[in-house]
Amino acid sequence: MVSFLNYLINGLSLGSIYAIIAIGYTMVYGIAKMLNFAHGDVIMVGAYIAFSVITTAKLPPVLGVLAAVFGCMLIGICVEKIAYKPLRHAGSSLAVLITAIGVSYFLQNIALLVFSSNPKMFTPIIPMNMMTIQLGAFRIQTISLVSIAVSILLVLLLVLFINKTRPGQAMLACSQDRGAASLMGISVNGTISLTFAIGSAMAGIAGVLLCSAYPTLSPYTGAMPGIKAFVAAVFGGIGSIPGAMIGGLLLGVIEILGKTYISSQLSDAIVFAVLIVVLLVKPTGLMGRQVQEKV
Amino acid sequence: MKRMKQFASLAITAAMTVGMLSAAVSADDAFKIGAIGPLTGAAANYGTAVINGAQIAVDEINAAGGIGGVQIEYRGEDDELDNEKSINAYNTLKDWGMQILVGPTTSGCSIAVSEKTKADNMFQLTPSGSAKDCTNYDNVFRVCFSDPNQGRASARYIGEHGLAKKVGVIYDSSDVYSSGIFATFKEEAPNQGIEIAVEEAFTADNNVDFSSQLQKCADAGVELIFLPIYYTQAGTILQQAAMMGLQTKWFGCDGLDGMLDMDNFQKELAEGVMLLTPFAADAEDELTQNFVAAYKAAYNVTPNQFAADAYDAVYTIKAAIEKAGVTTDMSISDICEALKTAMTEIEVTGLTGTIVWTADGEPDKDPKAVVIEDGAYVSMQ
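So the protein lines, in turn, are chains A and B. So that you can map any letter, position 38 of the first sequence is 38 in my numbering, and since no number is skipped, the others follow by simple counting. So that you can map any letter, position 193 of the second sequence is 1193 in my numbering, and since no number is skipped, the others follow by simple counting.
Same shape as in the complex, but just chain B (with noise of 0.2 Å):
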């Protein structure tokens, strides 16, 4: 016991010796950022690549010195693809100091947290969430493409790349991404010259059996469908189609990205699917080339374009930062109002593209799309 009193003594010694030397360094102050995506659930590839790009960057930044000299602090937490337990996920963060916050991952979750930092006057930078709401508020930017400038892009890609005229989309009417997208790929697709002659939906609830939604298309003869959706429902509609014997040619969004990584998937059956993403990691800018070393380095997995988007919202941050001159002293409001302004008034070059910002918190860039050969993602020319 004595000498379990005696350790214990000698390890507080440590512990506080330690924090004064950390505190000697950094003076006690850091920006502290926090990020929140589903680590584990439904969507896990997408929160796992957002928290661990996000780290990257803090990473790099932290290594060259940090913003203007200071340090930042990074904390990731996981929501399970739920929209309380995104809320639950934001106040945990706060009880731990968080200034600004990276996240959500996903549009819903995005949508349920801005009401918080909306209250709380705290600046939110989504990178993914990418439905129109999330935007809503003026704290709330997003690194990502909205929904409807998926949609458009996606019917003005398949048009001038003339990948067919006649398609099939098969949504999820349940979802606001989802529908979000095909509203205004509907929209776009007569401008394109495109015909969607069979437009089905499936619900939450009932998004294992595809076989009638296939089946219309098939009957139809589209040359393509068209599937603004997430990879789990995409990879199920690809086996069916496969089981089926269904021969077409697939294109989706971002949803799409994470779909190699499922468990026991069978990536032939992705072979020749075609996804707008604004990152290839084939890319073979210096930039790009850096982020997949180093993202492959730190865990082992090849980063798709959640990574890089939560990348880039990093730098955006603090690009933002060093704008505004904001310290870290500031309360979350006023960090929130000056980044606010400097946001509108920065370019950023990152992984995604040369972004600029709306007041409205919508980035301006190029879309890209990349195509799935041999198992990896190619950039399409």
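The following block holds chain A by itself, in its conformation from the complex (with noise of 0.2 Å):
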């Protein structure tokens, strides 16, 4: 029982930073319209400059964790600026599609120039005599408690923020009707931006804490968790932030359980089956909505 826990709770860490991740990529989904594949990238070029930050400049953890994010959200604004926009009206989303496939081999060759493909052990945020919780039989690892508590907080936030300020409902706007939007003296570009700069300061969180929680930060770091992140979003329903989360969640509780109590070597493969089971019975993913056309 005891053990089940801990399964548990390594499951709900490790689907805590697909939630963060796939939030970003449902966000993006959302309001632009787009599949933006080198999200996973933005998460791996976050660790980077978090890692530059704590390990090689000696700064504080808390410094590394905002250049982190506000070198992701800049990345993200320009990445959306110079690759994304002119493509806009270009009439096929495959277009943009290819660009973005584009983009993250950009992201992850630049790392490769930079910091050269030998692995870097990440210095953990949380030191080394605080990294495990013993409550009774019971010991969590730190790391996971902090993920699971941040990825909640960052929904929590978002939630309100889309709800409650100017800004958010003109998110919400533009993902239902961009046109209606923009006549109502909605700025789309600039709401698309915004989408654009929280999404990827959430990858610049996530890639400190994936990075915390598996310490080994390669210029492939982002593209697994990114493809995983993705697969959670279509999983929770492409577009809803609750989906994304619940997504996330479920995605690392399957990998884990699955993981331990069928075969480590087939946890992919069990990940993706249910998948498509589930989208199988439910194509719109657990929580997306059926948007009807209309004739």
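Read the hints as simulated data drawn from the structure, not as lab findings. Fair warning: this is a prediction, and the values are worked out from it, not measured in the lab. For glycine and all other residues, C-beta sits at the position ideal for the given N, C-alpha and C. Certain hints may be false.
[As the list claims (entries may be wrong)] With a Cα cut of at most 30 Å, we get these calculated BS3-like pairs of lysine-lysine:
hint : chain 1 : residue 1 : chain 2 : residue 2
1    : B       : LYS1323   : B       : LYS1368
2    : A       : LYS58     : B       : LYS1267
3    : A       : LYS58     : B       : LYS1368
4    : B       : LYS1186   : B       : LYS1132
5    : B       : LYS1340   : B       : LYS1368
6    : B       : LYS1186   : B       : LYS1365
[Stated by the list, open to error] Simulated coverage check for chain B against chain A, where a stretch passes if three residues somewhere in it have a Cβ under 8 Å from a Cβ of chain A:
hint : segment
7    : 1030-1044
8    : 1100-1111
Assembling the complex is the task here: the two chains are given apart, and the hints tell you how they should meet.
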């Protein structure tokens, strides 16, 4: 029982990181109607920024996290302005998708050039003597609790932001009907930039959490979590923030429990099999809405 | 512009003179030996060690007058731990005029390149390609133990030294090196009274989260965890074990070598980790001492076993060339045929022990183990 709880917490911790990444995917999809496949690599860039600040420049971890958040925000906005915006009216959503894949490779190769492909051991943001918390026979990694807490906090803040502030309302309006929102005087370009900024800032946080829990950092660090988070977003219903949260958490728990109780080799296969089953039963994902095409 | 031309012609004359001079010295013949290994990428520590280790041997041999008076020309190429790039590196070296290949460094690349060397009938001696299939062809030999031998030797070492009765294994099922060692470890374990209580795998796509595997080992109460994997994942595993507060013994094979040189790796995590390796830099024999001193002087780091394997590989080639009486004007294929026969007749005493070879390319030598103490490898008794 005790170890089952341990596995569950490990799963929730992994899942909460997937959730934070998935929210970035889902927000961008909801508002810009595009799949930003470079999102996973923004996480990797965030982790490298944090690594440079904390380990190379020996500054306090708080500064590292802040640098990662603002660095990623900047990258997110630049990528949107330079690579995606000119294609927004290209007519084909395929063009933007291919560009996103290009940006993904671009970021990976830049990281290869700057940091080389030798893996770096990420210095955990939690001090060595506070790594675990002991509760009777039950021992938890502090970083797991931190990841879970941070992801819940971020989702709450985000939901509040979207429902209670004017820029948030503007995002909501753009996600429903971009043309109408524009007619109502909402700056669509500004709103899309804001979406990318928020999504990328969350990717920065995800990068720090990911590398604190799984401390090997290489230019390909973001690729697999990025794909898994994309799966989580689809699983939860792409476009829905609570859906991304639930999709991420479920995916993490399924992955860890599958690894533990079924087979450590097949964990990825199990994850994707569950995705296929869910999509067969409910094609819009767990929390996705069916939008009726009006004829 | 005129000055440029003057300068250019001067430079060309100078170059030609130098060329003629060197031609006069070596009569334009030299044994051209190429080496391949990952100089960048996840296994950069291995490739760098192999290419530098071979360089030390080449420099020593050349300084002592070459092989029967003929100098060695040597060139190393990067393959980034990628099979395709390894073949590209091989083609580059062939264009350069390579006659004998030392490498590639890793098993996967070695197997890929052996298809090419077989087709060209080029003599190939891999210092550290340990997978069983590396020596599938009769033109390929190796210096290191094969994976099956490493797995068997590890089980024997753990059993004979009474390190543990109940062990857990975490291996990479998507990697031929790792699963090869694991298969023979599992075969030999019962003979040594070792119970494999936990048998966990991971794959290349899922190699950052080891919490489940480690938790299972902790739950089963294993005394030792056997890691027949590469150092990048082993480093992650050690760090995650520390984060979980898991205390156990660790035992690995040559793949763990290089861990201490990883960027920002906390060396205290590796304290007490044991690994089966043919070479310990602290060994007191004269050969090792001289090699370590020369390597440190040239590259400013302590050499690992990959460097030692490559060093032995170059001396093995020297011994085989001398035995077979190979000359530089022979064709690549003739050299290969001559060396193949010579390999089974020579006995080389190198850094990694006294080695003899069988015709199927396998070396025969005694296994050694080291333990990491205070951030350095120390020979185990």
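Quick rundown of the hints versus the structure:
Between the alpha carbons of B:LYS1323 and B:LYS1368 the distance comes to roughly 28 Å, so the proposed pair stays at or under 30 Å and holds. Distance check on the hinted pair: A:LYS58 and B:LYS1267 sit about 18 Å apart at the alpha-carbon level, within 30 Å; holds. Restraint check for A:LYS58 and B:LYS1368: the C-alpha separation of about 40 Å exceeds 30 Å, so the hint is violated. Among the hinted pairs, B:LYS1186 with B:LYS1132 is consistent with the structure: their alpha-carbon atoms are about 16 Å apart, no more than 30 Å.
A hinted pair counts as satisfied when its Cα atoms are at most 30 Å apart, and B:LYS1340 with B:LYS1368 qualifies at roughly 27 Å. As the CA atoms of B:LYS1186 and B:LYS1365 are separated by approximately 22 Å, the hinted pair is consistent with the 30 Å bound. Chain A is given as covering the segment 1030-1044 of chain B, and this holds because 4 residues of the stretch bring a CB closer than 8 Å to a CB of that chain, at least three being needed. Given a C-beta distance limit of less than 8 Å, the hint that chain A covers the segment 1100-1111 of chain B is violated, as 0 residues qualify and 3 are needed.
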